[in-house]
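There are 2 protein chains.
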Amino acid sequence: METLARIRFLLIDMDGVLYRGGTALPGAPEFIQWLRRQRIRYLFVTNNSTRTPEQYVERLAQLGISAEAGQILTSSLATRAFLQNRAPRGTPIYLIGQEGLEAALLGDGYFVHDDRSPRFVVVGLDTRLTYEKLRRATLLIRAGATFIGTNPDRTFPSPEGITPGCGAILAAIEAATEVAPVIIGKPERWLFEAALQRLGAPPEQSAVLGDRLDTDIAGGKRLGLTTLLVLTGVHGPEHLRAASVQPDAVFADLPALLENWERTLSETRRPQLSQKGTHE
Amino acid sequence: METLARIRFLLIDMDGVLYRGGTALPGAPEFIQWLRRQRIRYLFVTNNSTRTPEQYVERLAQLGISAEAGQILTSSLATRAFLQNRAPRGTPIYLIGQEGLEAALLGDGYFVHDDRSPRFVVVGLDTRLTYEKLRRATLLIRAGATFIGTNPDRTFPSPEGITPGCGAILAAIEAATEVAPVIIGKPERWLFEAALQRLGAPPEQSAVLGDRLDTDIAGGKRLGLTTLLVLTGVHGPEHLRAASVQPDAVFADLPALLENWERTLSETRRPQLSQKGTHE
Numbered sequence: 001m002e003t004l005a006r007i008r009f010l011l012i013d014m015d016g017v018l019y020r021g022g023t024a025l026p027g028a029p030e031f032i033q034w035l036r037r038q039r040i041r042y043l044f045v046t047n048n049s050t051r052t053p054e055q056y057v058e059r060l061a062q063l064g065i066s067a068e069a070g071q072i073l074t075s076s077l078a079t080r081a082f083l084q085n086r087a088p089r090g091t092p093i094y095l096i097g098q099e100g101l102e103a104a105l106l107g108d109g110y111f112v113h114d115d116r117s118p119r120f121v122v123v124g125l126d127t128r129l130t131y132e133k134l135r136r137a138t139l140l141i142r143a144g145a146t147f148i149g150t151n152p153d154r155t156f157p158s159p160e161g162i163t164p165g166c167g168a169i170l171a172a173i174e175a176a177t178e179v180a181p182v183i184i185g186k187p188e189r190w191l192f193e194a195a196l197q198r199l200g201a202p203p204e205q206s207a208v209l210g211d212r213l214d215t216d217i218a219g220g221k222r223l224g225l226t227t228l229l230v231l232t233g234v235h236g237p238e239h240l241r242a243a244s245v246q247p248d249a250v251f252a253d254l255p256a257l258l259e260n261w262e263r264t265l266s267e268t269r270r271p272q273l274s275q276k277g278t279h280e
Numbered sequence: 001m002e003t004l005a006r007i008r009f010l011l012i013d014m015d016g017v018l019y020r021g022g023t024a025l026p027g028a029p030e031f032i033q034w035l036r037r038q039r040i041r042y043l044f045v046t047n048n049s050t051r052t053p054e055q056y057v058e059r060l061a062q063l064g065i066s067a068e069a070g071q072i073l074t075s076s077l078a079t080r081a082f083l084q085n086r087a088p089r090g091t092p093i094y095l096i097g098q099e100g101l102e103a104a105l106l107g108d109g110y111f112v113h114d115d116r117s118p119r120f121v122v123v124g125l126d127t128r129l130t131y132e133k134l135r136r137a138t139l140l141i142r143a144g145a146t147f148i149g150t151n152p153d154r155t156f157p158s159p160e161g162i163t164p165g166c167g168a169i170l171a172a173i174e175a176a177t178e179v180a181p182v183i184i185g186k187p188e189r190w191l192f193e194a195a196l197q198r199l200g201a202p203p204e205q206s207a208v209l210g211d212r213l214d215t216d217i218a219g220g221k222r223l224g225l226t227t228l229l230v231l232t233g234v235h236g237p238e239h240l241r242a243a244s245v246q247p248d249a250v251f252a253d254l255p256a257l258l259e260n261w262e263r264t265l266s267e268t269r270r271p272q273l274s275q276k277g278t279h280e
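Chains as they are written, first to last, in my numbering: chain A, 1 to 280; chain B, 1 to 280.
Okay, chain A solo, but in the shape it has when bound (with noise of 0.2 Å):
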């Protein structure tokens, strides 16, 4: 497979690909070790602006996926990248958010936290939202704060339920500042040009792996990015069919690539290695 033959490196969504609610999903483990072994490089890329890189290494270990926090990027961790490409040190922001995003743009004191004239209004999911942290968001943006969303999620699944996402906090402070946030996660396409910069990594060697044609494909396209699905996430091949952005290639799971994607490399090396033979 044509496809699979040109990647070198490799953006790879952890949610319905490796795991899905607590569970790892089949043959996460053996995939990432394979990887490491072909020395393709990869990095797990996530919309979600809650958690640190560490508490996300803890977590794959938990599934047996031995990662190191150089190799998670966060739509926090994207938002410090974006950020700090446009602003100096000591720039003051307004933030809401969770631990992953006040520890990507405040832990190390680039930027500062200040809610009278920030230049920035840095907005992720905040389970502890209040109108007042509404309010202010609003009254600052009005006052000529530029408007940052961490990720476009409207929604994610919760144990009780589908519970409101990023996006919802999102959509209210739009609705009362008449302004449109800019946004770094996927499908846009701050996150994964902050991962392809992390790696080195030219876009025509490179693909995002991921289960969601609304965000992973729809955003690696947009980055003229390879596009690999795996159906084990949240579009099955109802929604393929019925989609306008189509993947290059479509895997049940990851077993599948895994498979195709060793046979494509073997086939690739022999011909490599009988025309080497015939040279010597």
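A couple of the hints might just be wrong.
If you anchor each label on the Cβ, the simulated ranges turn out as follows [what the hints assert, rightly or not]:
#	chain 1	residue 1	chain 2	residue 2	range
1	A	L240	B	E178	16 to 24 Å
2	A	E132	B	A24	28 to 36 Å
3	B	G21	A	A61	54 to 62 Å
4	A	N260	B	R86	53 to 61 Å
5	A	V182	B	R37	37 to 45 Å
Covered by chain A, per the in silico footprint, the following chain B stretches (three or more residues, Cβ under 8 Å) [said to hold, decoys possible]:
#	region
6	119-130
7	138-152
Treat the hints as calculated values from the structure; they're not laboratory data. All C-beta atoms in this analysis are idealised placements derived from N, C-alpha and C, irrespective of residue type, glycine included.
Position chain B relative to chain A; hints supplied.
Same frame as chain A, but now just chain B:
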């Protein structure tokens, strides 16, 4: 002015018509006294769901305008009327809102608060809003409860600046549920319909007096009411020129309206009197 001559019932918006911020607008007390002398029946009608009628009576009294609680119709009371027409006593509801909405729906025990399986989720402005309330509303609406919003106003003015209104909270819940609320307040029909019902007023003898083209005037036109705009509130001549919805008559302020109306009535009465005179 023929438009004014036929009006026997008047729905009066308060903010921007009778007062602005904490100050009475010129001629407001005199205008209300004049309506009373003319036996033109009126209600004070507001999209604001947070206060009770008694609180409005007090507020108007401070501005020199005497009113009774029965002359105040808030979006909370219109929500009560709307729901009472559709659900029996004892119906469970989940409520997000302030004193005005709680008093209207729960005060006499007609509706019962229930956060497990309510038939309606009713949302007004709530300055004590939390993420937990948004989450609960989302779960309940996704489980089948009907989503009701008291009013669509996305912002309201406060001493500190423009702040999030009920419509901003509705936007968050709509984003998380993919369900649009039934909205009771202007420009939707239910608040004005409740007002006409309370007055026993036929639409063709009724008018709305307001300061906003998008709510008062648009909502009045929807019900076939005569629409009167005063330019003492949100919308000025420049908005009027740009608007697709046009009121039946426009006045600089309440004294100008009163002067016109008085002249109209004296002109229409004089010929009637002299006609009568000639027959006697």
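Hint-by-hint comparison with the structure:
1. A:L240 to B:E178: 16 to 24 Å: holds, 21 Å
2. A:E132 to B:A24: 28 to 36 Å: holds, 30 Å
3. B:G21 to A:A61: 54 to 62 Å: For A61 of chain A against G21 of chain B, whose Cβ atoms are near 59 Å apart, the range 54 to 62 Å holds.
4. A:N260 to B:R86: 53 to 61 Å: Once the Cβ atoms are compared, 57 Å apart, the range 53 to 61 Å for R86 of chain B and N260 of chain A holds.
5. A:V182 to B:R37: 37 to 45 Å: violated, 58 Å
6. 119-130: n = 5 at 8 Å, threshold three: holds.
7. 138-152: Per the Cβ count (4), the hint holds.
The structure fails to meet hint 5 from the earlier list, while all remaining hints are met.
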